[in-house]
Every structure is written in C-alpha cells, then in structure tokens.
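Peer 1: The lines below spell out each chain.
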Amino acid sequence: MPEFQTRYFEQITYLPESVIEFPLGLPGFENERRFLLVEQELNKPIVFLQSLSRPELCFITVPVQGILPGYELTLSAEELHTLDLAEDRQPVVGEDVLHLAVVSLAEERPPTANLLAPVVINWRKRLAIQSVQTDSSYSHQHPLLTRDLELQCS
Amino acid sequence: MLVIRRRVGQSVFIGEDVEIEILDAGPGKVKLGITAPREILVLRNEIRFTREENLVAAQGVTPEAVQNLVARIRSGASPVRGAGPNGNKLADGEILPESGP
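From first to last, the protein sequence lines stand for chains Y and G. According to my numbering, the stretch in the first sequence is residues 1 to 154, in order. According to my numbering, the stretch in the second sequence is residues 1 to 101, in order.
Please note that the accuracy of each hint is not assured.
Said to hold, decoys possible - Here are a few chain Y residues that face chain G, going by a calculated C-beta distance under 8 Å:
| hint | residue |
| --- | --- |
| 1 | Asn31 |
| 2 | Asn43 |
| 3 | Leu52 |
| 4 | Pro55 |
| 5 | Cys58 |
| 6 | Val102 |
| 7 | Pro111 |
| 8 | Asn114 |
As the list claims (entries may be wrong) - Distance windows between CB atoms, simulated:
| hint | chain 1 | residue 1 | chain 2 | residue 2 | range |
| --- | --- | --- | --- | --- | --- |
| 9 | G | Thr35 | Y | Arg34 | 18 to 26 Å |
| 10 | Y | Arg34 | G | Glu52 | 18 to 26 Å |
| 11 | Y | Pro16 | G | Val18 | 44 to 52 Å |
| 12 | G | Glu16 | Y | Met1 | 50 to 58 Å |
| 13 | Y | Glu107 | G | Ile40 | 27 to 35 Å |
| 14 | Y | Gln40 | G | Val18 | 44 to 52 Å |
| 15 | Y | Ser53 | G | Arg48 | 19 to 27 Å |
| 16 | Y | Leu42 | G | Pro37 | 46 to 54 Å |
| 17 | Y | Ser53 | G | Ser11 | 40 to 48 Å |
| 18 | Y | Glu41 | G | Arg6 | 55 to 63 Å |
| 19 | G | Pro37 | Y | Glu3 | 42 to 50 Å |
| 20 | G | Ile14 | Y | Ala86 | 39 to 47 Å |
| 21 | G | Leu55 | Y | Glu21 | 36 to 44 Å |
| 22 | Y | Leu24 | G | Ser11 | 56 to 64 Å |
Simulated from the structure, these hints should not be mistaken for laboratory data. We put the CB at the ideal spot given by N, CA and C, even for glycine.
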C-alpha cells in the first residue's frame, strides 16, 4: 500500500483507488492533480484535501450542505464531461457527487468558506473539479461565524 | 473608473497590446473578445477570487488553526452542521483513509 509523508498528518497510508484526481487542478494550483480526502473523527465535520505531490499543501474543506442547506449547484456540460457524469442532467448531491467548500483560515480575518467555487467530486470515478459558479451570487468569502460572534470576538 | 460606451463590433485598447472587442451584447450579457500577449493573464473575476482564496486557504492550515475551527463549529459559534442524511454522504472507509500510523 502506498505511503505518503505529509506535513500535518505525518505518514499517511492509503489505497491507490482512494486517490482523487483533479484533471484541471485548482485555480492557483493548476499542476496539483492528485489529492486524498482525509477525515478524522477528532476534527469532524472538516474534510482535509491533502495533495499527494506537495506534502505541505492541504486544504480544509467542509460539506457545503453543512454551511448552506439548499445550495444550488450548477455544472456546465464541460464540467460534467470532466467529471465523467451524464451531460444531460445535473448531478444529485450526496448521490452522484460530493461538494465541499474550501475554508480560508487567515490570522487577520475570521474564517470564511468559498461557496462561489465548491470542490465537486464524482466519488464513483474519483474525479473532481473546483467548479466556479459563474452565474450565482454565492460568495467566495462566506463567513463561518455569525455577525454577533464576530463582534464579541473583536 | 473610466466608463466608455461601445457598440457591438467596436473595441478598446489597453496599452499597446491588449484589445477588448465587444462581440455580442444581449439583455444582461455581453460577449467579449480579448486579444493579448500570451504572458498577460486574463481571468474572469470569479476565477481570480477563487485563485486568491485558494492561495490564502493553502497557507492557514496549522494544527492550532484546525483545532480552533473545529472548536468553533462544535460550540455552535459557526453555523456549520455536519452533512445530514441528505448531505454529502461519505461511504464508510471508502473515500477517506484514516490518517497517521
């Protein structure tokens, strides 16, 4: 079984078939194609997206449904093709695909999730894209804290 | 901000090398044709936002930051719930390998 040294999880052992491929990479990381999804009991509901080529590259994601139930995902024919999904209908979240929002944790601002561009995974085929929802009004910096709590914290 | 009115078929130049032509315009939508040198990065704003956001997201992953976030989510400070029965369902042990030795 392949093993991989990561910065945050130390040594990871994984099944070759559990590798998720991003054929197009992610914006800003176009050359990163192979990732693992890592979920730890301790850190649920966070799902880590760990690069298999760069030990230090690991994204924090959370299920979009957990942040904004009723989120409407729209994939273009091209995106459906990349994910090897039927091009004549939108996939059912939870059944055909998983969708995860990438979380930004920066010291100088409260945590936010990118709902403008969720990571969409066809888990049956282990193919994924980061799908920019061009015609939506979802924010790339959706706050993960309520406004009241932000006030209390500041 | 400079505001210029243009008709379909007209264009504007930015500097010497970048030309933006209005190819088509309809209600609420315009189609642009951009001619620029290869070294100039042309990005739709939402892709640029995502690119910048990904670069920030890739920086902040420290064990402390993760612990803080989890604590916030679990304390209810963040309106984040785990995926419900209709949410993202991860098949047990299928996608997610347990980490660590």
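Peer 1: Now tell me, hint by hint, if it's right for this structure.
Peer 2: Comparing the hints with the structure gives:
For Asn31 (chain Y), the shortest C-beta to C-beta distance to chain G is roughly 13 Å, which exceeds 8 Å, and the interface hint is violated. Given the 8 Å rule on beta carbons, the hint for Asn43 (chain Y) holds: about 5 Å separates it from the nearest Cβ of chain G. Look at Leu52 (chain Y): its Cβ only gets to about 12 Å from chain G, farther than 8 Å, so that hint breaks. Residue-level restraint check for Pro55 (chain Y) is violated (minimum Cβ-Cβ distance to chain G is 12 Å; threshold 8 Å).
Contact between Cys58 (chain Y) and chain G, as hinted, is supported at the beta carbon level, the nearest pair being about 5 Å apart and thus within 8 Å. The beta carbon of Val102 (chain Y) comes within 5 Å of a beta carbon in chain G, closer than 8 Å, and the hint placing it at the interface holds. For Pro111 (chain Y), the interface hint holds, since its Cβ comes within 8 Å of a Cβ in chain G; the closest pair sits about 6 Å apart. At a threshold of 8 Å, the smallest CB-CB gap from Asn114 (chain Y) to chain G is about 5 Å, leaving the interface hint in force.
Thr35 (chain G) and Arg34 (chain Y) have their C-beta atoms about 35 Å apart, which leaves the hinted 18 to 26 Å range violated. Remark: the range hint 18 to 26 Å for Arg34 (chain Y) to Glu52 (chain G) is upheld by a beta-carbon distance near 23 Å. Taking the beta carbon of each, Pro16 (chain Y) and Val18 (chain G) are about 46 Å apart, inside 44 to 52 Å as hinted. At roughly 57 Å, the beta-carbon separation of Glu16 (chain G) and Met1 (chain Y) lies within the given 50 to 58 Å, and the hint holds.
Hint check: Glu107 (chain Y) to Ile40 (chain G), Cβ distance near 33 Å, so the stated range 27 to 35 Å holds. One distance hint, 44 to 52 Å for the beta-carbon pair Gln40 (chain Y) and Val18 (chain G), holds here, with the actual separation near 48 Å. Between Ser53 (chain Y) and Arg48 (chain G) the beta carbons are some 24 Å apart, a value that agrees with the proposed interval 19 to 27 Å. Checking the proposed 46 to 54 Å range against Leu42 (chain Y) and Pro37 (chain G) shows it holds: the Cβ atoms sit about 50 Å from each other.
Remark: the range hint 40 to 48 Å for Ser53 (chain Y) to Ser11 (chain G) is upheld by a beta-carbon distance near 41 Å. Separation of Glu41 (chain Y) from Arg6 (chain G) is about 58 Å and conforms to the stated range, judged on CB atoms against 55 to 63 Å. Separated by about 44 Å at the C-beta atoms, Pro37 (chain G) and Glu3 (chain Y) satisfy the suggested range of 42 to 50 Å. Between Ile14 (chain G) and Ala86 (chain Y) the C-beta distance comes to about 41 Å, which sits within the given range of 39 to 47 Å.
Judged by the Cβ atoms, the range 36 to 44 Å given for Leu55 (chain G) and Glu21 (chain Y) is violated: they are separated by roughly 22 Å. The supplied range of 56 to 64 Å is broken by Leu24 (chain Y) and Ser11 (chain G), whose beta-carbon atoms lie about 30 Å from each other.
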